[in-house]
Amino acid sequence: MALAFDEFGRPFIILKEQEQKTRLRGLDAQKANIASGKAVARILRTSLGPKGMDKMLQSPDGDVTITNDGATILEQMDVDNQIAKLMVELSRSQDYEIGDGTTGVVVMAGALLEQAEKLLERGIHPIRIAEGYEVASRIAFEHLERISHKFEFSATNIEPLVQTCMTTLSSKIVNRCKRSLAEIAVKAVLAVADLERKDVNLDLIKVEGKVGGKLEDTELIFGIVVDKDMSHPQMPKQIEDAKIAILTCPFEPPKPKTKHKVDIDTVEKFQTLRQQEQKYFDDMVQKCKDVGATLVICQWGFDDEANHLLMNRNLPAVRWVGGVELELIAIATGGRIVPRFQELTPEKLGRAGLVREKAFGTTKDRMIYIEHCANSRAVTIFIRGGNKMMIEETKRSIHDALCVARNLIRNNSIVYGGGSAEISCSIAVEAAADKYPGVEQYAIRGFADALDAIPMALAENSGLQPIETLSAVKSQQIKENNSCCGIDCNDVGTNDMREQNVFETLIGKQQQILLATQVVKMILKIDDVISPSDY
Amino acid sequence: MAVDKLFKDEATEEKGERARMASFIGAMAIADLVKTTLGPKGMDKILQSTGRGHSVTVTNDGATILKSLHIDNPAAKVLVDISKVQDDEVGDGTTSVVVLAGELLREAEKLVNAKIHPMTIISGYRMAAECSRNALLEKVVDNKLDAEKFKADLMKIAMTTLSSKILSQDKEHFAKLAVDAVMRLKGSTNLEAIQIIKKPGGSLKESFLDEGFILDKKIGVGQPKRIENAKILVANTAMDTDKVKIYGARVRVDSMAKVAEIEVAEKEKMREKVQKIINHGINCFVNRQLIYNFPEELFADAGVLAIEHADFDGIERLALVTGGEIASTFDNPESVKLGHCKLIEEIMIGEDRLIHFSGVELGQACTIVLRGASPHMLDEAERSLHDALCVLSQTVNDSRVLLGGGWPEMVMAKAVDELARKTPGKRSHAIEAFSRALVAIPTTIADNAGLDSAELVAQLRAEHHKEGSTAGIDVISGCVGDMAELGISEAFKVKQAVLLSATEAAEMILRVDEIITCAPRRREDRM
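Taken in sequence, the protein lines are chains P and Z.
Residues in the first sequence are numbered from 761 upward in steps of one, following my numbering.
Residues in the second sequence are numbered from 3 upward in steps of one, following my numbering.
Chain Z with its partners taken away, still in its complex shape:
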């Protein structure tokens, strides 16, 4: 007897071959979607949001593209997820990871059609992934000890990362910006300390790194516009009417006169607070919260520059830069550490006035000001720069470096091919397939650049047959070139993360033989 209904309405179940097919197709569709953005000659995508205003984003960043997609296919979601993790963890290689996972699945599909059990494929993939990782480990270069070379390495990595982005025209300029900014962090991976301010107008070339700190705020009316040898108090305190924090307190009076009295007391309280703050001997006060006009006036009278409503990150950064602490009580002026800087002044970028802190004590934080023709351009520039910064900060910690331009893939493919020849049993098919999937990445890079990929990859393979080859695809001249000479490098950490997460994702999708989809939750129509 057939079971009439096991699941709830609209819940669906897909089994065996169908399920596998659905997940292969979904995953490959996603991979094909971002495939064309890979490499220095990759193309961008326009994303239009469905929200109000239909805002438009132009990007080349895999994670950004995938994040904005509405996807129904569960397998595709796995790929979106890995690209997001890649973004969080190393910041770059978000496209590569998806393309590699897609290629692995494409190869796996062929094997499944040839009646090889998914578990066999998985165990082959695992062996291959391990083998390729070891192959890379053998080839890494570590220049940590030699500061000069290390900096050159960082430059190369930054240029390689940026070359596939919108910034590629001025990649040298931006690579220098990014390297300088990261070197200032002194090994910390806290990118929060690097502030990126976007100001439309001007050209990309006019972007610059500021050693000091720029706060996107205006100086209060009547307050000094320029302070030398500033003593800065960074605070997080309420500067509106200071509420009584004791629970249940309320004002209850029986005459207007009393109200006036209390108002006076309140003002007095504020005046006291301001006085306490001023007693710190400061000439600049930055608050995270609002400053009402009454205290602002008091500050102006005392010749103190008061800046209100700096957002939390800004405050933290400012504290980092100036070496002050974020204060909330003001009773012990002697114990509060004040921040110092040589000069605070109002500067103009384009048409906007900003506050510039220069000559700061601790140079841990810095600001990068991006200029560009349009907001879209700036957004994309910011994403690209962010990628570069992420990669660099990770490289500072793990200084192992590889060559780029398809070189690592070819090295891995070669090692995996050798492993396949040595492995007995069905697994060797899977291992071979893994190497084919690896080669697909240089192939895609060449394809995107409009080159004859079959020819180039074959040449590359022949080159790599020699020991210690440094050949890769030189997209600019359209032939096989020496990556070491061209100075195209990538961070080992990025490549390793791409390899491992792509394999993991492919494995996960391969293991599935049934998809059960619950009925989608109905949204109440608010109309």
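The shape of chain P in the complex, shown without the other chains:
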């Protein structure tokens, strides 16, 4: 009750304006929460797997997104329900942490909630369910570790990496050329990877898209592509062996930070000021020229006069280059970002073998390619595609593939895909449940059932008989003691995922199970929902 009594026995209300709030408590609250969690999972369920369908999302401004990526769908879905928002967070955190498996994690959480509902109806206390889930998730986690395989790759043998990236890409619309895209992703990651430290800075990989052409034209450029053109239309379009001055100061008269005023009260002052001004431009351009730069890349704009002087002295320049791109250019060319003209020295210049401007299509779209850089640690993946939505979706898919490749470099353990890992975990959890005394046993068993949901959804989306297929695969796994049996989504004819080359990363799978369990535990612990009603 939200009603309490003060020391004089007068009633007062703790929660203000009771009638204006809706409130759900106890079992009702839990059930409502579970129902909304399940509803979210249901939306994503059909997107799972290589034969999963896409969703079309229309934003408040009418823009259309077509995607199959769980995190993107949920992010753009405009949900209002609190629990649904939790699920959105869940897939987002999977996206940040792993980058792939964002759909799977939500489906998994939905399945766990569904099992929890059944257990609740049997009268098991939510906390006991939560604890049982926790135990079960630990079992599954360790089991995954056991069935995982280390797999070897090196800078020369990238085949295993490509195979894993292909598994990720096969569920996206780009699966038409998954092979080439997977190769691009792996090469890009290897180009920037620090194999000794086992880390990859994905910021060094720039994904740039341009509408037009076809998906097959997508290419990996060992260098940077900037969506800008030369500041003066008559500057050379191609520079070989460029020495690049990377500037963050504008070609304009300096603007001191301190507030000041220059008063002009005599004609002499007016004239000196004017000369001063012209000298500025001259000095700036001269300084760039003096250090031997053959290309200027600047974060800010140019004054018309400076622009012409640059042109006149045959010093091509690019203006209004974004901060991130500037950094990438600096990394790629081995140059330093110079904030003041005075600090320009020949050592601080970046070097690139070839800088060229390339035009696309019939409109005035031009881009600048900076290639053959001194330090090819920064790369660009340049995506072409039939329309804007296609490019956006390809960008997301490439991002997923990049994340997978990075995870493999960090930790080269893999498990087999196609639902085989889930089935194997489910068997292990089921077996462990019987040994566990107490009410939690039921929850653990529930967890095992929930694990079956992912292969089930895979089978369903591929047009197979879900229950029949799942039970056949499960018995096969137990009979042959082979944890690589999964759902044959592509109708290849074999259940063995090792032969089909369907891999997923171990950390991705482990993270999925842990995150899903955590969210479900959190949802189960809620027994009171108070929300302000609409005005």
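You may find that some hints are simply not true.
To list a few chain Z residues with every Cβ distance to chain P over 10 Å, as calculated [said to hold, decoys possible]:
id: 1; residue: Lys112
id: 2; residue: Asp148
id: 3; residue: Ala149
id: 4; residue: Met157
id: 5; residue: Leu187
id: 6; residue: Ile199
id: 7; residue: Met379
id: 8; residue: Glu384
id: 9; residue: Arg385
id: 10; residue: Ser401
id: 11; residue: Gly483
id: 12; residue: Asp484
DEER-style ranges, computed between Cβ atoms [to be verified]:
id: 13; chain 1: Z; residue 1: Arg423; chain 2: P; residue 2: Phe911; range: 38 to 48 Å
id: 14; chain 1: P; residue 1: Pro996; chain 2: Z; residue 2: Ser51; range: 38 to 48 Å
id: 15; chain 1: Z; residue 1: Lys424; chain 2: P; residue 2: Ala1134; range: 49 to 59 Å
None of these hints come from the bench; they were simulated from the model.
No residue lacks a Cβ here, since even glycine has one placed at the ideal position from N, Cα and C.
For chain P, the structure is supplied; the task is to place chain Z on it using the hints.
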């Protein structure tokens, strides 16, 4: 327990069959909308804008029609998007791409109703698209090496493109204009260099290509109207009161006399600047920015023609034509490259006076002057010409050419049909459907021309059964004709782009099984 509310107010969700139906219907509606504009006998549409003045556009260009539509259906937006991309990328075929995508979806709907999984349809479509592309690749003709033939090819392509537009009456004239203009570009695809000036009045036939350059500006008062052997300085500089660019500078004086002094200094500064410009030894000065009347007067005194406020593109083009550089500082006259031309004069087109630069050094840019009865007519003529120019400039780079008039579609359909017969499994239905969708394009062309499409297409199919047939629909005489003889050609690049983007779009829409629409953002009522 039912979930009371998952989404925000007004956000809607459509699932499974309903979602698929919504997207099929939306896409097909768009395709049907532009379908009647296809082909040489296609009809135009009138578009009335909702903005002030309710301005009216009459057009036949698919991309223009679709761009102006307000569409709510997300699937329809995908089609609008592909037609826009087609416009940006190759410039023509904007209607065909939408019609083909619409037909693909129409066929897909039948297959879905026959309980074939969308993914199966997609994989069939992909195989078919690949197969048709290869079929086209086998048949292309490349005349790049033979300049004469290549030019003839370009002429044919231009005529074919223009024949479906308002310019079809004078298509030969305009095709020649377009080919000449594109040949001047020497392989560059930068259409910016071709300027199109529209002047109402006269008839379409009076349109002409000018080898020089025409600037839609007036010559300043008191300045020479005709200059021979002009030396031109193209500039982008402020010719009003030249501001002090140092930050924080301001004028603060304590007496009127000082103000006058500074004013004099300012004038002096301007005079110096003008003097510097004149010292370049020029007799024509074109500035992108305003020229105030004080410097203008100075120029007039020196006998220099000063043209102000030429827009940026104009400046760039002028620089291209005359070979000068765009200057902003004037301290080193010897290092600035000046532009040259034989003659600058004021000419009259209709009632307007324009500045004409002739006998230019570099012939990279040129001007096409369009004449026509009304602004609507001119707008449409410009769009048509733009299409033709785009196609031609793309063809110059990729010189592979195909025949037109439904010929490529029939070639593809034949190859796809054969593939369907060879493919085992459910996919063959999808492949067959693809070929039906391809045939829909010649069918539509015939329908629009008021011909008996069923009869014609059947004849065409029979013709194509022979090896190396060149048969297509001859809309003018209303029967099956030899496209090679009639000289109807299309660029391979356009056809390929139509095929690939239509398939891609159809695939995208097919993959969708759920549509989630967010609540539309509310606009504040400013009233």
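Problem set entry | Cβ separation check - Gly483 (chain Z) to all of chain P, threshold 10 Å | holds (31 Å)
Exercise. In terms of Cβ atoms, is chain P entirely out of 10 Å range of Leu187 (chain Z)?
Worked result: About 12 Å separates Leu187 (chain Z) from the closest Cβ of chain P, which puts it past 10 Å; holds.
Problem set entry | Distance rule for Lys112 (chain Z), whose beta carbon must clear each one in chain P by more than 10 Å | Its Cβ never comes within 10 Å of chain P, the nearest being 19 Å, so this holds.
Exercise. Since Ala149 (chain Z) was said not to touch the interface, does its Cβ keep a gap of more than 10 Å from each Cβ of chain P?
Worked result: holds (24 Å)
For this session: Determine whether the non-interface label on Met157 (chain Z) survives the test: each CB of chain P must be over 10 Å from its CB.
Result: Per Cβ check, Met157 (chain Z) is outside 10 Å of chain P; nearest 20 Å; holds.
Problem set entry | Outside-interface status for Asp148 (chain Z) - nearest CB in chain P farther than 10 Å | It holds; Asp148 (chain Z) is separated from chain P by about 26 Å at its closest Cβ, greater than 10 Å.
For this session: State, for the Cβ atoms of Lys424 (chain Z) and Ala1134 (chain P), whether the hinted interval 49 to 59 Å holds or is violated.
Result: holds (53 Å)
Exercise. Is it correct that the beta-carbon of Glu384 (chain Z) has no partner in chain P closer than or equal to 10 Å?
Worked result: The claim stands: Glu384 (chain Z) keeps its Cβ more than 10 Å from every Cβ of chain P (closest is about 14 Å).
For this session: With 10 Å as the threshold, tell me whether Asp484 (chain Z) passes as away from chain P on beta-carbon distances.
Result: Correct as stated: the minimum Cβ-Cβ distance to chain P is 31 Å, above 10 Å.
Exercise. Holds or violated: is the Cβ of Ile199 (chain Z) farther than 10 Å from all Cβ atoms of chain P?
Worked result: holds (19 Å)
For this session: Run the C-beta distances from Ser401 (chain Z) to all of chain P and say if the shortest one exceeds 10 Å.
Result: Non-interface label on Ser401 (chain Z) holds, nearest chain P Cβ at 17 Å vs cutoff 10 Å.
Exercise. Holds or violated: is the Cβ of Met379 (chain Z) farther than 10 Å from all Cβ atoms of chain P?
Worked result: holds (23 Å)
Against the hints set out earlier in the document, no violation occurs for any number.
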